[in-house]
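According to my numbering, the sequence shown holds residues 305 to 528 in order.
Simulated from the structure, these hints should not be mistaken for laboratory data.
Glycine residues also receive a C-beta, built at the ideal position from the N, C-alpha and C atoms.
Calculated lysine to aspartate or glutamate pairs in the EDC-like style (CA-CA distance at most 16 Å, straight line):
1) Lys394 to Asp363
2) Lys420 to Glu326
3) Lys420 to Asp404
4) Lys508 to Glu462
Pair by pair, the computed Cβ-Cβ distance ranges are:
5) Ala421 to Asp499: 33 to 43 Å
6) Leu398 to Gln427: 15 to 25 Å
7) Thr459 to Thr518: 17 to 27 Å
8) Met305 to Arg447: 18 to 28 Å
9) Ala373 to Asp499: 27 to 37 Å
10) Asp361 to Ala421: 23 to 33 Å
11) Cys337 to Asn399: 23 to 33 Å
12) Arg372 to Cys337: 17 to 27 Å
13) Arg372 to Ala324: 25 to 35 Å
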Amino acid sequence: MALIYIVEDDNDIREIEVLALENSGYTVEGFPCSRDFYKKMSQRLPELIILDIMLPDEDGLDVLKKLRADAVTRNIPVIMVTAKTTELDKVRGLNMGADDYLAKPFGIMELIARVKAMLRRSQVLHEEKFYHCGPIFMDDEKRAVYIDDKPCELTFKEYELLKILLQNAGIALPRDLIMDRIWGFDYQGESRTLDMHIKTLRQKLGEYGSCIKTVRNVGYRLES
305 MALIYIVEDD NDIREIEVLA LENSGYTVEG FPCSRDFYKK MSQRLPELII
355 LDIMLPDEDG LDVLKKLRAD AVTRNIPVIM VTAKTTELDK VRGLNMGADD
405 YLAKPFGIME LIARVKAMLR RSQVLHEEKF YHCGPIFMDD EKRAVYIDDK
455 PCELTFKEYE LLKILLQNAG IALPRDLIMD RIWGFDYQGE SRTLDMHIKT
505 LRQKLGEYGS CIKTVRNVGY RLES
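Given the sequences, and given the hints that come with them, work out the whole structure.
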């Protein structure tokens with residue numbers, strides 16, 4: 305089920321939201337401030353963020369601005385939540401990149417309905433079938449990879465690794481993010497597993513294996 309982050313400084317409201325969404329089958333983590341939220345974001349990205357505007361350490365709109373300016377997080381759906389109810393506040397949030405807007409007080413059933421609708425919409429938008437970078441082409445519907453129009457046989461993990469690199473071509477992906485997406489956040493194996501798979505993937509891509517760049521102290525990036 306989808307992972308949702310809630311950034312809300314009111315402990316009572318945050319606990320109610322977390323409990324309601326967990327009871328609806330979602331995995332949820334709550335944060336009282338932007339600092340704790342940023343720390344967790346560096347470790348694992350969610351499928352949806354519920355973001356309050358009135359935070360103790362930073363304005364929620366500034367948090368939203370940073371999310372939309374970062375290539376790694378710009379496409380994560382964000383539902384803004386605030387006690388402000390003027391139309392100007394709502395328009396401002398939506399113009400800055402919020403995907404939806406909830407004004408306090410709101411009902412729990414409305415929150416759950418908005419979350420479900422947003423996740424459905426996000427899934428449809430991101431269900432791509434084809435990816436390419438230079439001579440590397442992936443047909444995700446057939447789970448087939450071609451290099452210069454010639455088939456390239458990959459293992460399941462190699463395929464998933466290449467897919468996440470293609471989906472984020474030109475972006476430096478952190479090691480922890482890749483490990484989370486490919487092996488799962490609770491993976492207990494050696495971190496060298498990623499390096500070994502990168503090595504074999506580069507070999508199978510032949511002369512284009514050099515398109516996978518090592519970004520020192522960060523992770524990997526795919527370039528054409």
